[in-house]
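Below are the chains, spelled out letter by letter.
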Amino acid sequence: MDWLNEIRRRLWMLIRHRQFDVDLEDEMRLHLELKAQELVRAGLTPEDARYAALRRFGNTTLLKEKSHMVWGWEWLEHLVQDMNYGVRAMLRSPGITIVVLLSLGLGIGANTAIFNLIDAVMLRALPVKEPGRLLLFGDASDCCISDYFPNQVLYSYPFYREMQQKNQVFSQVAAVFSMMNRVHGSVEGRSETEPMNVQLVSGTYFPMLGVQAIAGRILTDEDDRMRDGNPVAVVSYSWWTRGLARNSSVLNKKLKIGSAVFSIVGVAPKEFFGTKVGESPDIWIPLSMQKEVLPNVDGYNDNFSECLYLMGRLKPGVNTAPAAANVNLLFQQILRGFPGAPLSQENLEKLAKTRVELTPMATGLSELRRQFSEPLKILMTVVGFVLMIACANIANLLLARSAARGRELAVRQALGAGRTRLIRQLLTESLVLAFAGGVLGVALAAGARRLLLRMVSGGPEAVPLDVSMNIRLLLFTLGVTLVTGALFGTIPALCATRLQLAGSLKEGRGPVTAGARNPLAKALVVSQIALSLVLLVGAGLFLHSLMNLMNVDTGFNREHVLRLQTDASSVGYKEDDYHLTRLYAQIEEAVSALPSVRAASYSLFTYNEGSWNNPVSVQGYVSADSHRDVHHNVVGTDYFATMGIPLLEGRGFGPQDTANSPRVAVIDETMAHTMFPKGSPIGRHYTRGGDRGIEVIGVVKDVKVNSLQEDPQPIDYYPYTQHSRYLNDFEVRYSGGLDAVAAAVRHRIHEVNPYLPISNVTTLDEQVERSIGNQRLVAQLSTFFGLLAVFLSCIGIYGVMSYVVTRRTNEIGIRMAQGARRSTMLWMVLREILILVTSGLVIGVPAALAGDRLVSNMLFGLKPIDPVTLVSATIVLLMVAAIAGYLPARRASRADPMVALRCE
Amino acid sequence: MHGYEIADSIQRISDDVLQVEEGSLYPALQRMLIKGWVKAKWGTTAGNRRARYYQLTASGRQQLETELSQFERVIGAITRVIQTA
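As you go down the protein sequences, you meet chains A and B in turn.
When the letters of the first sequence are read in order and numbered with this note's numbering, they come out as residues 708 to 1611.
When the letters of the second sequence are read in order and numbered with this note's numbering, they come out as residues 3 to 87.
Derived from the structure by calculation, the hints contain no laboratory data.
Hints are supplied without guarantee of correctness; some may be wrong.
DSBU-like, lysine-lysine: derived pairs with alpha carbons at most 30 Å apart [stated by the list, open to error]:
| no. | chain 1 | residue 1 | chain 2 | residue 2 |
| --- | --- | --- | --- | --- |
| 1 | B | Lys41 | A | Lys998 |
| 2 | A | Lys773 | B | Lys43 |
| 3 | A | Lys1057 | A | Lys873 |
| 4 | A | Lys773 | B | Lys37 |
| 5 | B | Lys43 | A | Lys771 |
| 6 | A | Lys1060 | A | Lys873 |
| 7 | A | Lys1408 | A | Lys1570 |
| 8 | A | Lys961 | A | Lys998 |
| 9 | A | Lys1022 | A | Lys977 |
| 10 | A | Lys771 | B | Lys37 |
| 11 | A | Lys960 | A | Lys1281 |
| 12 | A | Lys998 | A | Lys873 |
| 13 | A | Lys1281 | A | Lys961 |
| 14 | B | Lys37 | A | Lys960 |
| 15 | A | Lys963 | A | Lys1281 |
Covered by chain B, per the in silico footprint, the following chain A stretches (three or more residues, Cβ under 8 Å) [said to hold, decoys possible]:
| no. | stretch |
| --- | --- |
| 16 | 712-718 |
| 17 | 729-738 |
| 18 | 761-769 |
Note that CB positions come from ideal geometry on N, CA and C, so glycine has one too.
In isolation and in its complexed conformation, chain A is listed as follows (with noise of 0.2 Å):
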């Protein structure tokens, strides 16, 4: 323990090393003494003995220093020291300050912010036991429900089952509903329902992902083995704490979702959210339950009825690759296995050439990262090149700084300070000018959070993500502040310790040496241009190709459109069942009477909201892969006149279209094209799964299902009287204020059926606005972005051209008392920016140009090379550049000879 009690010593003498100078210098006074008094005993003077005892015993000052820096804290008292001079440098110029610390922290605070979305979508391992472990069969492409043959991204439970047991490759295989439900239920003892985000899970989910509850119990296999046999439930810490009030007695509370009666059996721990990030179910609940949560589906025991994402966690010491092998030979037997299987040529062929691919889930699944993960990547380059930019002015005032301190540092340089001391000592004080920017930055983040947060979620309810500091960001946001300093402070650390000594220490009183530093300066400028061109034009791109998309015809009128929804199933309707209908019917009927109400409609789907589709069959009608999707959607009578949907032919669905009359359907322009090529399609016929004999009866404008990128999708429709299935989208044309009309409509509703829970209440111009959130998001923030570059690189022209103008003062001076105009003066200047901006322009278009390349995916109807984005961008920097140049200019052109001449 030697080395344990060397540096207790070493730290104690840090603690008390004034004490120790003292002591020191009283230990070696004591020493001259005593000498000089042995040797005024030997004969000597008095004054001759002190000078002998001082000549034995050395330079004291040196020994006193070398006996200081034996201890070893040299580094730690220099730093110190040059920290204290940083922070005064730092005091002596605060207009200088203020902008440096302004653009590094607006620099440090974006890239913190970004990387934190970065972090919470992308990065952050799920919260669960060894998350690296763990694979997902297929890439969760898909969602929902689908009886395509053979799909390797959706499962159904049997196959589950048969995985689950026959494989050999996992220790558990677990499978989870593949997406969460919200349904209306109730607590024990609660008179109102309230809306719950129900996640239907297989009972090995949480022993497989060794999630502990932190009361009760978690689910298990056992809760899963009987169809409809145990009505358990685990719920979410925050919805313990949101909707119990985190009661003790939770265990003992009992929750009413469709018929049954769930008991709470464990709170699940608070960090759980389950396995997709950006959603966090409220309560999970064994999947042979299902047919409680989702009353028209019943998967349970329907080898076919694919509607889980499998996930499994690998056995110790098997890798990916033998797993796959495993995993798809069984794919292959259990498909074939299954009785009726449509094992026709063609899907035999299909399902021989399909493999399961096995996916790490180590930061588990998200709808939010294949919808952001581009737009943050590409919003981190921005940020990134915005801080390059601040790092390239602060740079350059450093430079110019370091030029005035240019005789400073060569007096100190001429006492015999070592050049490394200085640049260690100019570096100091660029980290301490970069720590400051970086807890600005920091703060900065933490206020950027909520509005990026409220951006990425595009709606009223906040995406649930954790977005708060963590060590990981924190530890990022070092790392940047520590690259960031070293890159604004080495080049002028470097230059300014570079100096001709006599040279340096003469200046000021001979000619001005202009031309030393300005070339770096100028480079960094010119880059600056050159990169806010590029961002310039990127959020120019960004911009025009939002605003193309804005532009786009959705095929419906969304202005004036309100939307909300209803939950039938959870007040007892059952589907096929004519109470059903009549309630859609009465609901729409009281709406309708409504004054500012023009039309009102049930239906299944509105917009982007997923979609109901599978193939049709007309006669005569071959496809290209014979099958050709049709979305489908089931609507009320006055659906399209609610919506704003042009009928082209035919007629819409009317009172003559009931139960029992014939089958029939409206389709969309599409549609018939392509499947009715010859002739009109109204009065022919169509036949979809078990439906045979649909008659078209009119068709209507094509419209956008679920993005307003897609190219047109073949639609029909189909009234519910004919189709008596639960439809939870209402819509409602109104003129006049929403808010008056969304009460009335409440109202009305509730006069109907006062139980019937209301929710999600939006308008249809909303959920447009929404499916283009990720666009929405490049497009301001690059635009913010590329604006805060050109400011800075408008900083960085104003600081370069007001040095160059106050060191050639005299040279300005002189020609002007020699006849000079003020007008030559004024070009002479904005000449020299002029040819600053042209070089970066020159540097910038080629890769602006480039960089478009990268980003044309993200783009819309746009060609990556858009010229009028690249010339108006240039325009832009020219103006602004010329501006910034401009007071300068002139204050080089107003100059007073004599003054001038004067000056220094």
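Since the structure of chain A is provided, determine the placement of chain B on it from the hints.
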């Protein structure tokens, strides 16, 4: 002993053969303090002056022995070299 006494006794015992720069004693003492070979405590001299007294510690004694045996090996080697020459 305090610093002056140490320097003085080195000089006396060696009959003035070893006359080092006296001050260099102090950095050396600091080094030994760090290593824990000596410990220091403040006291008063015969002339009633404040002085720091140094004392060899156990580990210092051990270190001394190591150094001594090392030194003797070197001296022995040198002596043998000179004798054979």
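Per-stretch coverage check for the stretch 712-718 of chain A, three Cβ contacts closer than 8 Å to chain B
Answer holds; 4 residues pass the 8 Å Cβ test.
Going straight from one Cα to the other, do Lys771 of chain A and Lys37 of chain B come out at no more than 30 Å?
holds, 19 Å
Holds or violated: Lys960 of chain A with Lys1281 of chain A, Cα cutoff 30 Å?
It holds: about 27 Å lies between the C-alpha atoms, which stays within 30 Å.
Please work out if Lys37 of chain B and Lys960 of chain A have their alpha carbons no farther apart than 30 Å.
This hinted pair is violated, its Cα atoms lying about 68 Å apart.
Is the coverage entry for the stretch 761-769 of chain A by chain B consistent with the three-residue Cβ rule at 8 Å?
Three-residue rule met by the stretch 761-769 of chain A, so holds; n is 5.
Tell me if the straight-line CA distance from Lys963 of chain A to Lys1281 of chain A falls inside 30 Å.
The hint holds at about 17 Å.
So if I understand the rule, the pair passes when the alpha-carbon distance is 30 Å or less; does Lys1057 of chain A with Lys873 of chain A pass?
Satisfied, since the Cα-Cα distance of roughly 23 Å is no more than 30 Å.
Can you take a look at whether the stretch 729-738 of chain A is actually covered by chain B? Rule is 3+ residues, C-beta closer than 8 Å.
Holds: 7 residues of the stretch 729-738 of chain A have a Cβ under 8 Å from chain B.
Distance restraint between Lys1022 of chain A and Lys977 of chain A, which requires alpha-carbon spacing of 30 Å or less:
The hint holds at about 27 Å.
Given hint Lys771 of chain A paired with Lys43 of chain B - CA-CA distance at most 30 Å
Holds, at about 19 Å.
Under the criterion that the straight-line Cα-Cα distance not exceed 30 Å, is the pair Lys1408 of chain A, Lys1570 of chain A satisfied?
holds, 28 Å
Quickly compare the C-alpha distance for Lys773 of chain A and Lys43 of chain B to 30 Å and report which way the hint goes.
Between Lys773 of chain A and Lys43 of chain B the Cα gap is close to 21 Å, so the pair holds against 30 Å.
Of the numbered hints stated above, those contradicted by the structure are hints 1 and 14, listed in ascending order.
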